Amino acid sequence: MCESCIADGNYEVRYKSNVLIYPNGEVLWVPPAIYQSSCTIDVTYFPFDQQTCLMKFGSWTFNGDQVSLALYNEKNFVDLSDYWKSGTWDIVEIPRRESDGSDSLFMTPEAYKATEAVEFIAEHLRNEDEYIQVRDVCEDWKYVAMVIDRLQLYIFFAVTTAGTIGILMDAPHIFEYVDQDTIIDLYRGK
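Each position in the sequence shown, counted from 1, maps to that position plus 514 in the working numbering.
No lab work stands behind these hints, which were simulated from the structure alone.
All figures in this text were calculated on a predicted structure; none of them were measured in a lab.
Mixed in with the good hints there might be a few duds.
[To be verified] Here are the simulated distance ranges between beta carbons:
| hint | residue 1 | residue 2 | range |
| --- | --- | --- | --- |
| 1 | T629 | P561 | 36 to 44 Å |
| 2 | R649 | L568 | 34 to 42 Å |
| 3 | D654 | F689 | 53 to 61 Å |
| 4 | G572 | I535 | 41 to 49 Å |
| 5 | Y626 | I535 | 22 to 30 Å |
| 6 | I608 | K656 | 50 to 58 Å |
| 7 | V581 | K656 | 53 to 61 Å |
| 8 | A659 | E607 | 25 to 33 Å |
| 9 | V592 | P537 | 21 to 29 Å |
| 10 | D604 | V541 | 44 to 52 Å |
| 11 | A659 | V592 | 26 to 34 Å |
| 12 | P537 | W603 | 21 to 29 Å |
| 13 | L568 | F670 | 52 to 60 Å |
| 14 | W655 | R611 | 44 to 52 Å |
Glycine is no exception: its CB is placed at the ideal position from the N, C-alpha and C atoms.
Using the sequences and the accompanying hints, generate a full structural model.
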């Protein structure tokens, strides 16, 4: 089987993939590769957080009707014999599931591009609608804030003015009912 032949007449295999083809047509592919995944990290419950990184395997050139990947003999395991434990992270669980065919990975490239284009347009229309709604809400709250600000200003002026007028009106009569000689003698120590 020539996996990566070139068209110049040299039909030498350049990439030796570990593939077993059985008489019933079943193909066992054991990829000799290291797969790396990057994912967003949720540190809400740090240092007791758990991260989930998804990896999808499939063909980029054939759709799900042409290539169907399945777990080998329906065994539900991942070989971790070459896994080096990290001092920071540990693998807790390695769940696997087979696609139901609705995955975008198993679409034809044309269908995938069309789906991406529709999602892009829908997202931008949604963002524009959200921006308009946010702008309207901001304008409404700005008006409410101005009303509350003005109301607090009027209350401040009313309380300050009433207090000042009350003190000034009471000032001439404040010492009428106080015996000033007793207070002066009290402070002199008599």
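Results for each hint:
no., hint, in the structure
1, T629 x P561: 36 to 44 Å, "holds, 39 Å"
2, R649 x L568: 34 to 42 Å, "holds, 36 Å"
3, D654 x F689: 53 to 61 Å, "holds, 55 Å"
4, G572 x I535: 41 to 49 Å, "violated, 19 Å"
5, Y626 x I535: 22 to 30 Å, "holds, 28 Å"
6, I608 x K656: 50 to 58 Å, "holds, 52 Å"
7, V581 x K656: 53 to 61 Å, "holds, 57 Å"
8, A659 x E607: 25 to 33 Å, "violated, 49 Å"
9, V592 x P537: 21 to 29 Å, "holds, 28 Å"
10, D604 x V541: 44 to 52 Å, "violated, 34 Å"
11, A659 x V592: 26 to 34 Å, "violated, 56 Å"
12, P537 x W603: 21 to 29 Å, "violated, 43 Å"
13, L568 x F670: 52 to 60 Å, "holds, 58 Å"
14, W655 x R611: 44 to 52 Å, "holds, 45 Å"
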